[in-house]
Amino acid sequence: MPRTILDIHVIQTVPPSNINRDDTGSPKTAMYGGRRRARVSSQSWKRATRDAFDHLLDTDELGVRTKRVVELLSEAITDQVPELVDRSVKLAEAVLTAAGIKISQPRKKEALQESGYLLFLSNRQIASLAELAIEAAVAAGEDGKLDIAKADVRARADEAHSVDVSLFGRMVADATDLNVDAAAQVAHALSVHAVSNEYDYFTAVDDHKKRDDEEDAGAGMIGTVEFNSSTLYRYATLDVDRLRDNLGDDEATRRAAEAFVRAFVTSMPTGKQNTFANRTLPDVVLVVARESQSINLVGAFEEAIPDDAEGGRIVQAATRLAAHARELHEGFDETPVAAWVFGAGDRKVAPLAEIAERTTLGPTVEALGQLVSARLAERA
Amino acid sequence: MTTLLLRLGAPLQSWGTGSRFVRRNTDRAPSRSGVLGLLAAAKGLRRTDPLEELLGLRIGVRVDQVGSLERDFQTARTRDGKNAMPLSYRFYLADAVFAVAIEGDEALLVGLRDALRAPVFPLYLGRRSCPPAGKLLHDLADGTVAERLAGTPWMASPWVQERHRHADVTLDTVVDCTEDEPGVELVQDEPISFDPRHRRYGWRSVRHRPVTIANPAYKPALPDPASDPHCPMAAFEGLA
Chain Z
1 MPRTILDIHV IQTVPPSNIN RDDTGSPKTA MYGGRRRARV SSQSWKRATR
51 DAFDHLLDTD ELGVRTKRVV ELLSEAITDQ VPELVDRSVK LAEAVLTAAG
101 IKISQPRKKE ALQESGYLLF LSNRQIASLA ELAIEAAVAA GEDGKLDIAK
151 ADVRARADEA HSVDVSLFGR MVADATDLNV DAAAQVAHAL SVHAVSNEYD
201 YFTAVDDHKK RDDEEDAGAG MIGTVEFNSS TLYRYATLDV DRLRDNLGDD
251 EATRRAAEAF VRAFVTSMPT GKQNTFANRT LPDVVLVVAR ESQSINLVGA
301 FEEAIPDDAE GGRIVQAATR LAAHARELHE GFDETPVAAW VFGAGDRKVA
351 PLAEIAERTT LGPTVEALGQ LVSARLAERA
Chain W
1 MTTLLLRLGA PLQSWGTGSR FVRRNTDRAP SRSGVLGLLA AAKGLRRTDP
51 LEELLGLRIG VRVDQVGSLE RDFQTARTRD GKNAMPLSYR FYLADAVFAV
101 AIEGDEALLV GLRDALRAPV FPLYLGRRSC PPAGKLLHDL ADGTVAERLA
151 GTPWMASPWV QERHRHADVT LDTVVDCTED EPGVELVQDE PISFDPRHRR
201 YGWRSVRHRP VTIANPAYKP ALPDPASDPH CPMAAFEGLA
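Protein chains in written order, with our numbering: chain Z, 1 to 380; chain W, 1 to 240.
Any given hint could turn out to be false.
Derived lysine to any residue pairs resembling SDA-like cross-links, with alpha carbons at most 25 Å apart [unchecked claim]:
1) W/Lys-82 - Z/Asp-23
2) W/Lys-135 - Z/Ala-194
3) W/Lys-43 - Z/Ala-194
4) Z/Lys-272 - W/Lys-219
5) Z/Lys-272 - W/Ser-88
6) W/Lys-43 - Z/Arg-3
7) W/Lys-219 - Z/Gly-34
8) W/Lys-82 - Z/Gly-331
9) W/Lys-82 - Z/Thr-270
10) W/Lys-135 - Z/His-55
11) Z/Lys-272 - W/Tyr-89
12) W/Lys-82 - Z/Glu-303
13) W/Lys-82 - Z/Asp-250
14) W/Lys-43 - Z/Thr-270
15) W/Lys-43 - Z/Lys-272
16) Z/Lys-272 - W/Leu-87
These aren't lab readings, by the way, just hints derived from the structure by calculation.
Work out the full structure, taking the sequences as your base and the hints as a guide.
See the structure below:
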């Protein structure tokens with residue numbers, strides 16, 4: 001069974017900025033390779049990705065859209081508790097009726113009942129509804145009356161964010177049955193070079209006071225803002241098969257994977273954006289499809305890139321990324337299924353064009369979408 | 001006995017054993033629950049699956065590169081943006097490298113090695129945002145945990161090895177042991193169940209013990225004066 005994993009590597013330069021700060025207002029940092037690096041935490045960039053995601057996808061479009069909910073639900077019930085095989089259809093009907101969903105007999109006599117309209121349900125929602133039915137069946141015993149509260153069914157069916165939950169997971173301490181293991185992994189972004197944070201001392205003028213000749217000319221407020229500027233290495237990996245498990249639908253998986261890659265590549269956390277206007281796009285993006293395991297290439301930057309690096313910091317970063325990827329591929333007999341590279345200009349993209357097909361964002365997303373579809377179809 | 005050797009290295013890793021609520025600590029070395037969790041993820045075990053098979057493994061960790069502690073401060077809001085969630089602090093080990101020896105039944109270890117080559121679930125070093133970097137999987141060979149940790153070459157990064165100006169290096173190891181050994185310590189990181197509904201950890205006993213191994217990057221500090229073209233004393237050689 002072929003697995004599919006998408007690794008996304010981004011080299012991105014941000015000017016003076018404070019994208020992600022700690023509780024003292026300093027930009028976050030971390031030691032790596034013995035040098036202090038700028039850091040943007042994974043949760044910060046996940047949040048940005050998620051927000052970008054909302055604009056790329058209508059979450060209602062994803063999942064299973066079907067009238068044959070009784071069939072789906074009864075299958076889920078027997079999957080979880082095989083002993084309920086004889087009662088599963090009755091239980092499924094009871095849950096749907098309790099939720100206020102009208103079901104009726106379709107024209108074909110022997111077929112199961114169907115809902116009057118197409119229902120959109122994620123895999124997770126179906127499993128969750130099945131659990132509810134099982135709980136009710138256990139509580140009622142062999143032939144007791146089923147007691148299913150409408151509110152319970154609604155709560156379980158009303159999981160609106162199934163796509164981002166499928167990607168980023170969910171941890172709910174007081175309702176663990178709603179937990180989902182994330183299919184995507186996002187690493188903390190680290191600068192490829194050493195940084196030291198700098199301080200911007202500022203004064204703010206009191207306009208009204210300034211107009212008054214009697215008043216002194218002092219500032220209305222003073223302060224400092226900490227910042228740094230950096231070339232970041234960002235990495236995320238998406239396990240397409242796990243995403244398929246969470247979403248329960250091939251087409252939804254393709255669309256979610258496409259949207260995830262696009263959103264991760266083009267998003268930027270909003271921290272201090274109005275102060276620094278630091279919104280940039282990546283310098284170079286490498287997307288690699290693999291089938292054995294995801295490979296984080298951060299090791300290319302363990303030795304910090306010096307300021308006077310040959311060809312400049314960004315070209316040097318792209319060169320190192322390509323060399324490191326090639327070394328790892330050779331060393332571990334790893335052959336990517338496909339790889340694409342795109343970015344800002346020949347000089348930056350050229351080093352990586354040796355290990356990946358050179359293209360642009362749109363075609364990359366389209367190509368990886370097709371790859372995901374083809375491989376999922378093969379899996380089925 | 002057969003032992004599988006792993007190298008756990010990444011810019012950030014985090015191995016919490018005693019964390020509760022909003023302060024999520026990290027230990028200075030990988031926890032047994034963390035390592036077994038990594039193996040379970042590679043094999044594709046679900047959190048609710050039984051762990052018996054893995055619990056028999058003996059695990060030893062060697063601290064090849066100590067790393068430094070980083071504190072991360074995190075704010076969160078509910079998805080609708082209306083309410084702030086509690087502020088939380090997460091601790092990470094930055095720049096650390098560990099050699100991990102896993103001893104057990106050969107067939108089981110062969111299975112684990114293959115699973116690590118093509119893991120079913122994404123792997124991470126203690127926390128999901130800490131994917132491993134570089135070479136994770138090393139060899140499968142004969143020997144006990146103690147033998148492998150004493151015999152494996154130093155896995156620290158080249159810059160660390162070069163900075164260490166001695167012919168050998170003494171590294172701390174943390175190895176599973178029986179309760180009655182001298183110097184035993186108790187840690188609560190023996191996984192009983194990873195099931196999110198009732199995650200449970202038992203106590204295990206470990207021993208810290210130093211091992212001394214060679215530094216592959218060692219170069220004698222003082223070069224032979226005769227071979228150094230800039231040595232001021234070279235001019236006087238043979239004049240005495």
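Hints, verified against the model:
| no. | hint | verdict |
| --- | --- | --- |
| 1 | W/Lys-82 - Z/Asp-23 | 21 Å, holds |
| 2 | W/Lys-135 - Z/Ala-194 | 24 Å, holds |
| 3 | W/Lys-43 - Z/Ala-194 | 38 Å, violated |
| 4 | Z/Lys-272 - W/Lys-219 | 48 Å, violated |
| 5 | Z/Lys-272 - W/Ser-88 | 21 Å, holds |
| 6 | W/Lys-43 - Z/Arg-3 | 14 Å, holds |
| 7 | W/Lys-219 - Z/Gly-34 | 21 Å, holds |
| 8 | W/Lys-82 - Z/Gly-331 | 50 Å, violated |
| 9 | W/Lys-82 - Z/Thr-270 | 17 Å, holds |
| 10 | W/Lys-135 - Z/His-55 | 38 Å, violated |
| 11 | Z/Lys-272 - W/Tyr-89 | 21 Å, holds |
| 12 | W/Lys-82 - Z/Glu-303 | 43 Å, violated |
| 13 | W/Lys-82 - Z/Asp-250 | 34 Å, violated |
| 14 | W/Lys-43 - Z/Thr-270 | 38 Å, violated |
| 15 | W/Lys-43 - Z/Lys-272 | 43 Å, violated |
| 16 | Z/Lys-272 - W/Leu-87 | 19 Å, holds |
Consistency note: the structure conflicts with the earlier hints numbered 3, 4, 8, 10, 12, 13, 14 and 15.
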